[in-house]
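*Asks:* Protein chains in written order, with our numbering: chain A, 1 to 292; chain B, 1 to 292; chain C, 1 to 292.
It is possible that part of the hints are untrue.
Stated by the list, open to error - In silico contact screen, one side only, chain C against chain A (beta carbon under 10 Å); selected entries:
(1) Thr30
(2) Asp34
(3) Val36
(4) Leu41
(5) Met50
(6) Tyr51
(7) Pro53
(8) Asp54
(9) Asp58
(10) Ile59
(11) Phe76
(12) Asp243
(13) Val252
(14) His253
(15) Leu255
(16) Asn257
Don't read these hints as lab results, they were simulated from the structure.
Just so you know, even glycine gets a beta-carbon here, dropped at the ideal spot from N, CA and C.
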Amino acid sequence: MTDTEIRSEIARAFDEARTQNPLAPSITNTVTQDFVANAQLAVGGAAAMMYLPDECEDIAKLAPAFYVNMGTAMPFYAETLPRAAKACHELQKPWVLDPVGIGMSELRTKILLQLKDFKPTIIRGNASEIIALAKLWSLIDTDGGQVRGVESTEKVSAAKVSAVALAKFTGGAVAVSGEEDLITDGEEIVMCTGGSDFFTKITGSGCALGGVMAVYAAVASPLIAALTATTVFNLAGSKAVADAHGPASFKVHFLDNLYNLTATEVSEKFRAVESLFESMFNFGVVAFPHAD
Amino acid sequence: MTDTEIRSEIARAFDEARTQNPLAPSITNTVTQDFVANAQLAVGGAAAMMYLPDECEDIAKLAPAFYVNMGTAMPFYAETLPRAAKACHELQKPWVLDPVGIGMSELRTKILLQLKDFKPTIIRGNASEIIALAKLWSLIDTDGGQVRGVESTEKVSAAKVSAVALAKFTGGAVAVSGEEDLITDGEEIVMCTGGSDFFTKITGSGCALGGVMAVYAAVASPLIAALTATTVFNLAGSKAVADAHGPASFKVHFLDNLYNLTATEVSEKFRAVESLFESMFNFGVVAFPHAD
Amino acid sequence: MTDTEIRSEIARAFDEARTQNPLAPSITNTVTQDFVANAQLAVGGAAAMMYLPDECEDIAKLAPAFYVNMGTAMPFYAETLPRAAKACHELQKPWVLDPVGIGMSELRTKILLQLKDFKPTIIRGNASEIIALAKLWSLIDTDGGQVRGVESTEKVSAAKVSAVALAKFTGGAVAVSGEEDLITDGEEIVMCTGGSDFFTKITGSGCALGGVMAVYAAVASPLIAALTATTVFNLAGSKAVADAHGPASFKVHFLDNLYNLTATEVSEKFRAVESLFESMFNFGVVAFPHAD
Numbered sequence: 001m002t003d004t005e006i007r008s009e010i011a012r013a014f015d016e017a018r019t020q021n022p023l024a025p026s027i028t029n030t031v032t033q034d035f036v037a038n039a040q041l042a043v044g045g046a047a048a049m050m051y052l053p054d055e056c057e058d059i060a061k062l063a064p065a066f067y068v069n070m071g072t073a074m075p076f077y078a079e080t081l082p083r084a085a086k087a088c089h090e091l092q093k094p095w096v097l098d099p100v101g102i103g104m105s106e107l108r109t110k111i112l113l114q115l116k117d118f119k120p121t122i123i124r125g126n127a128s129e130i131i132a133l134a135k136l137w138s139l140i141d142t143d144g145g146q147v148r149g150v151e152s153t154e155k156v157s158a159a160k161v162s163a164v165a166l167a168k169f170t171g172g173a174v175a176v177s178g179e180e181d182l183i184t185d186g187e188e189i190v191m192c193t194g195g196s197d198f199f200t201k202i203t204g205s206g207c208a209l210g211g212v213m214a215v216y217a218a219v220a221s222p223l224i225a226a227l228t229a230t231t232v233f234n235l236a237g238s239k240a241v242a243d244a245h246g247p248a249s250f251k252v253h254f255l256d257n258l259y260n261l262t263a264t265e266v267s268e269k270f271r272a273v274e275s276l277f278e279s280m281f282n283f284g285v286v287a288f289p290h291a292d
Numbered sequence: 001m002t003d004t005e006i007r008s009e010i011a012r013a014f015d016e017a018r019t020q021n022p023l024a025p026s027i028t029n030t031v032t033q034d035f036v037a038n039a040q041l042a043v044g045g046a047a048a049m050m051y052l053p054d055e056c057e058d059i060a061k062l063a064p065a066f067y068v069n070m071g072t073a074m075p076f077y078a079e080t081l082p083r084a085a086k087a088c089h090e091l092q093k094p095w096v097l098d099p100v101g102i103g104m105s106e107l108r109t110k111i112l113l114q115l116k117d118f119k120p121t122i123i124r125g126n127a128s129e130i131i132a133l134a135k136l137w138s139l140i141d142t143d144g145g146q147v148r149g150v151e152s153t154e155k156v157s158a159a160k161v162s163a164v165a166l167a168k169f170t171g172g173a174v175a176v177s178g179e180e181d182l183i184t185d186g187e188e189i190v191m192c193t194g195g196s197d198f199f200t201k202i203t204g205s206g207c208a209l210g211g212v213m214a215v216y217a218a219v220a221s222p223l224i225a226a227l228t229a230t231t232v233f234n235l236a237g238s239k240a241v242a243d244a245h246g247p248a249s250f251k252v253h254f255l256d257n258l259y260n261l262t263a264t265e266v267s268e269k270f271r272a273v274e275s276l277f278e279s280m281f282n283f284g285v286v287a288f289p290h291a292d
Numbered sequence: 001m002t003d004t005e006i007r008s009e010i011a012r013a014f015d016e017a018r019t020q021n022p023l024a025p026s027i028t029n030t031v032t033q034d035f036v037a038n039a040q041l042a043v044g045g046a047a048a049m050m051y052l053p054d055e056c057e058d059i060a061k062l063a064p065a066f067y068v069n070m071g072t073a074m075p076f077y078a079e080t081l082p083r084a085a086k087a088c089h090e091l092q093k094p095w096v097l098d099p100v101g102i103g104m105s106e107l108r109t110k111i112l113l114q115l116k117d118f119k120p121t122i123i124r125g126n127a128s129e130i131i132a133l134a135k136l137w138s139l140i141d142t143d144g145g146q147v148r149g150v151e152s153t154e155k156v157s158a159a160k161v162s163a164v165a166l167a168k169f170t171g172g173a174v175a176v177s178g179e180e181d182l183i184t185d186g187e188e189i190v191m192c193t194g195g196s197d198f199f200t201k202i203t204g205s206g207c208a209l210g211g212v213m214a215v216y217a218a219v220a221s222p223l224i225a226a227l228t229a230t231t232v233f234n235l236a237g238s239k240a241v242a243d244a245h246g247p248a249s250f251k252v253h254f255l256d257n258l259y260n261l262t263a264t265e266v267s268e269k270f271r272a273v274e275s276l277f278e279s280m281f282n283f284g285v286v287a288f289p290h291a292d
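So that you can see chain A by itself, here it is in the shape it has in the complex (with noise of 0.2 Å):
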């Protein structure tokens, strides 16, 4: 895709999920499912939070899109989880997955090795978790190459080759959430750039990315729904930064921004940098800029 096609792709997952309000049900953490909640309903789309086995999936089977998030697993996640995804991918809906807390115990361990067969259409995650999840998942050499340990300090690039690989086996796409975000369907790598430092003094901005993820999953192809929930989250996030006192008000002027986004406000952003991003594509990376 040339950059003005991507940029036109987002612009129309913009609009059409304030068009369609597509509800995109979770099983997410507790702590940060108000923020979750709230992220998707400002984006245009409908939330749903459950538990129980039989419900997730019969929602995941009715509605257009689905988002895992395992932060706060609890004992019945053992049996949710799998069915949900499974549910997804056999009717081939659209779900995204945050394997967030990965290797922290058997359970979650037990739980994405089943995931694996259900391939999630998007996963979003830091650069430690994407790499955890490569190497759980046998898609990256894990004695040899720049993958030593799982670091959560481990920056955006050390997961490049773990994201490529994970996008290429399940055919979906992989968002690197960082300082930069790293978005790749195994094919192209868009960098973005953007947000805010604030960002990392909230609890919860990640999970609503993947949620907001899921959204627009309902209405794009896996690359874009990811590359519009990360571009409107930077552009709101810089916009934010304007008005906060501190990381509280922040998240309230985020949160209004991300309401009050238009998508010509984020075609704009990116026709400013149109000649960085064609540049760079021919390397396979694309800039997208900062949203100052």
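Place chains B and C on chain A using the hints.
*Replies:* Relative to the frame of chain A, chains B and C by itself:
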């Protein structure tokens, strides 16, 4: 009751909640617990959320009112909800039921069928949920009438028959939330308008409304409790719009306004439409003013 | 310790938390997790909430401090809490206990009796909870003295004997929250004032305080950690009042202020009442200034 009597009762309930600080414990969904609790505190009540069957039963026995919101049902709800509701019923304590998610799973259906025996003092839901509950409890003719299936887009008016049937069965009140709010005790039907579209752009306004109804149910009749909660929500919501730049700042201003309302302010709003109020009263339908 | 030493230690703990970003994972109630996590982040710490027994135990072993708040106990807490607390105790990691809900169920009583062996480094609660815990652990005479039953309206001063008894038993610190805050390590008793009435109008300020104590416990002694957390809460709370229009905007301003505090500002507040500080010190009771 005349409109003057209703207004007087609402003012009394409003003040009593501030004076008595009634505890209205909740079994409520994990997504919106923070919002429910803060709304309960803002109107003068006290909040406590819990999950364990024995302590839900025990606190239901101690507290003057109780709130059950079925949002994010967990496996242990099968025991927790019936025990808490039974305790309320046996001790004639008011309790509020929000049957959100009705029909989503066998567990919910099983629990809701059990709850029928414990006649919730106030039932609050959207039109679809109220219709679904009336059907589940075999209180309306499922083969005929205006009701065909359960649509979340069902208009409030479509739930009128179901709401009245439920209220007649329980001997309490039923509140149907939507663009307008319909509140009935099975005899009178009161329509409330006002509020803000932002209520649909933030998660949990319905849950918070139910929690606040439980606070007022500790100090007023079911009908007056439902009316008072609906009125303060609509008034605080419409006032919050002025300073809101989006859904997140709306929520902050809404809770601040909820905290700062006065009984006089609430009463005055009603006086403004006295004539409409009385003329419609003859038809059993009372339109409360738009709290602009 | 002299007042100058205490002030110096508080400033050091304040700065160390910002520099080291200590992770203080929590098992904490679902109502206020967002508030707890955001407060921990605001003072420079890192947050993680979880429920599963094995991963709570594992992260307790890895992290420099841990927070246990019993608020919304769930069935699996029976295994989770003792395992996490035991891990902390065996590795001499500081952990903070908030025994909220003490006495509400057999499960809680059973868990709290087990936790006695793992001597929490800091215990934080309101007066009633502290008295109840001292009784449950047989540290005070339940038939005599000032203590008769557990009232949630109990004044902080009523919990003095219990707090000292608990601190002597654990070898750590105990913080009794209320209009004034009493903090003791079993030898010295320090009274802190300040804050805002709004703390009682929002849900979770006590929970967030406990979570922040855990952050400071990773970098300071139990007494200093409890004092530092209490002081920054009172100072940020009293500063937030100026711009608050109600409880919701108070909470936003409180977290913003918590984030923006400086070590100097905290120290200067103490200098202002040095004389009072020193004169009362002889009686073992130190009054910290009202952070107006």
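*Asks:* Could you check the structure against the hints above and give me the numbers of any it violates, in ascending order?
*Replies:* none
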